[in-house]
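Q: Sequences are here, hints too, so could you generate the full structure?
Going by this note's numbering, the first residue of the sequence shown is number 105, and it counts up by one from there.
No lab work stands behind these hints, which were simulated from the structure alone. No incorrect hints appear here.
Capping the alpha-carbon separation at 27 Å, the derived lysine-lysine pairs in DSSO-like fashion look like this: (1) K156 x K142; (2) K156 x K179; (3) K108 x K179; (4) K111 x K179; (5) K179 x K142; (6) K110 x K179; (7) K156 x K108; (8) K110 x K156; (9) K133 x K179; (10) K139 x K179; (11) K139 x K156; (12) K156 x K133.
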Amino acid sequence: MTVKIKKCSLEDLQILQEISIETFNDTFKDQNSPKNMKAYLENAFNVNQLEKELSNFFSEFFFAYVNNELAGYLKVSSV
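A: What follows is the structure, encoded as structure tokens:
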């Protein structure tokens, strides 16, 4: 098994959006109404919001790849 960690950049915005929505939805959909999930996903993971977070000096995103397949992501905030 090969594990690789890659720091995200603005060029990764679409992939970050896709995995963020998928991960949050899979984790919390059973605990929330479809209406609340839709509203949160549209607000938290829209392109403008993610671009703002990726450009934030105090935040970094990383992708984790296992055997060259995207397996997850991580956000690190230093403040």
